[in-house]
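Enquirer: Let the sequences and hints guide you as you build the complete structure.
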Amino acid sequence: MEIVMTIIAGTLFTSGVYLILSKTLLRIILGLSLFTHGVHIMLMSINGLKKGAAPLLDEQAASYTDPVPQALILTSIVISFSLTAFSLVLAYRTYREHGTDNIEKLRGQDHE
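Quick note: the sequence shown uses this note's numbering, first residue 1084, plus one each step.
Hints are computed from structural coordinates only; laboratory data are not their basis.
Take the hints with a grain of salt, since some may be wrong.
List of simulated lysine to any residue pairs, SDA-like, C-alpha gap at most 25 Å [unchecked claim]:
1. Lys1188 / Thr1107
2. Lys1134 / Lys1188
3. Lys1134 / Ile1090
4. Lys1188 / Leu1104
5. Lys1106 / Met1088
6. Lys1188 / Phe1169
7. Lys1106 / Thr1177
8. Lys1134 / His1181
9. Lys1134 / Leu1171
10. Lys1106 / Ser1165
11. Lys1134 / Thr1107
12. Lys1106 / Gln1153
13. Lys1134 / Val1122
14. Lys1134 / Ser1159
15. Lys1188 / Val1172
16. Lys1188 / Ser1159
17. Lys1188 / Gly1093
18. Lys1188 / Ala1092
19. Lys1188 / Ile1160
20. Lys1188 / Gly1114
21. Lys1134 / Arg1176
22. Lys1106 / Ile1156
23. Lys1134 / Ile1091
24. Lys1134 / Gly1093
25. Lys1188 / Thr1177
Here are the computed distance ranges between Cβ atoms for each label pair [unchecked claim]:
26. Gln1192 / Lys1134: 35 to 45 Å
27. Asn1130 / Phe1164: 20 to 30 Å
28. Asn1185 / Asn1130: 37 to 47 Å
29. Asp1149 / Thr1107: 36 to 46 Å
30. Lys1188 / Ala1168: 42 to 52 Å
31. Phe1169 / Ser1098: 37 to 47 Å
32. Tyr1147 / Thr1107: 45 to 55 Å
33. Tyr1101 / Ser1159: 13 to 23 Å
34. Gly1093 / Phe1169: 19 to 29 Å
35. Gly1182 / Thr1097: 27 to 37 Å
36. Tyr1178 / Ile1086: 34 to 44 Å
37. Ser1165 / Leu1109: 15 to 25 Å
38. Ile1086 / Asn1185: 19 to 29 Å
39. Ser1098 / Tyr1178: 38 to 48 Å
Glycine residues also receive a C-beta, built at the ideal position from the N, C-alpha and C atoms.
Expert: This is the structure:
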């Protein structure tokens, strides 16, 4: 199962990089979102998809699941959600001010 998750994460990475290299702000934001989702899935697959009990010390102390990667992924999800929300608001404000979301037009390098 870890191999399937790694392939999915790689697909999300490649799609995210492709969208980040585009010229419009909305595609860049969607690419960043896909990239962070790829990181979340990669963290899960690196940890290994293990089944086990809660990390309480009792008779099954040898077979428990490590909660640290799950806590890191949860923190990363919250941070990526806030980054996406801030980026969308910033892109909307940029579109309202300048009338375009094309990066080259915003830089003043329009060669059409």
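Enquirer: Each hint should be assessed against the structure and marked as holding or not.
Expert: For each hint, the structure was consulted:
no.	hint	result
1	Lys1188 / Thr1107	10 Å, holds
2	Lys1134 / Lys1188	52 Å, violated
3	Lys1134 / Ile1090	21 Å, holds
4	Lys1188 / Leu1104	15 Å, holds
5	Lys1106 / Met1088	30 Å, violated
6	Lys1188 / Phe1169	22 Å, holds
7	Lys1106 / Thr1177	14 Å, holds
8	Lys1134 / His1181	52 Å, violated
9	Lys1134 / Leu1171	37 Å, violated
10	Lys1106 / Ser1165	23 Å, holds
11	Lys1134 / Thr1107	42 Å, violated
12	Lys1106 / Gln1153	35 Å, violated
13	Lys1134 / Val1122	21 Å, holds
14	Lys1134 / Ser1159	22 Å, holds
15	Lys1188 / Val1172	19 Å, holds
16	Lys1188 / Ser1159	33 Å, violated
17	Lys1188 / Gly1093	32 Å, violated
18	Lys1188 / Ala1092	33 Å, violated
19	Lys1188 / Ile1160	32 Å, violated
20	Lys1188 / Gly1114	20 Å, holds
21	Lys1134 / Arg1176	46 Å, violated
22	Lys1106 / Ile1156	30 Å, violated
23	Lys1134 / Ile1091	21 Å, holds
24	Lys1134 / Gly1093	24 Å, holds
25	Lys1188 / Thr1177	12 Å, holds
26	Gln1192 / Lys1134: 35 to 45 Å	54 Å, violated
27	Asn1130 / Phe1164: 20 to 30 Å	21 Å, holds
28	Asn1185 / Asn1130: 37 to 47 Å	40 Å, holds
29	Asp1149 / Thr1107: 36 to 46 Å	41 Å, holds
30	Lys1188 / Ala1168: 42 to 52 Å	25 Å, violated
31	Phe1169 / Ser1098: 37 to 47 Å	22 Å, violated
32	Tyr1147 / Thr1107: 45 to 55 Å	47 Å, holds
33	Tyr1101 / Ser1159: 13 to 23 Å	22 Å, holds
34	Gly1093 / Phe1169: 19 to 29 Å	27 Å, holds
35	Gly1182 / Thr1097: 27 to 37 Å	32 Å, holds
36	Tyr1178 / Ile1086: 34 to 44 Å	41 Å, holds
37	Ser1165 / Leu1109: 15 to 25 Å	18 Å, holds
38	Ile1086 / Asn1185: 19 to 29 Å	39 Å, violated
39	Ser1098 / Tyr1178: 38 to 48 Å	23 Å, violated
In this structure, the earlier hints numbered 2, 5, 8, 9, 11, 12, 16, 17, 18, 19, 21, 22, 26, 30, 31, 38, 39 are contradicted, and the remaining ones agree with it.
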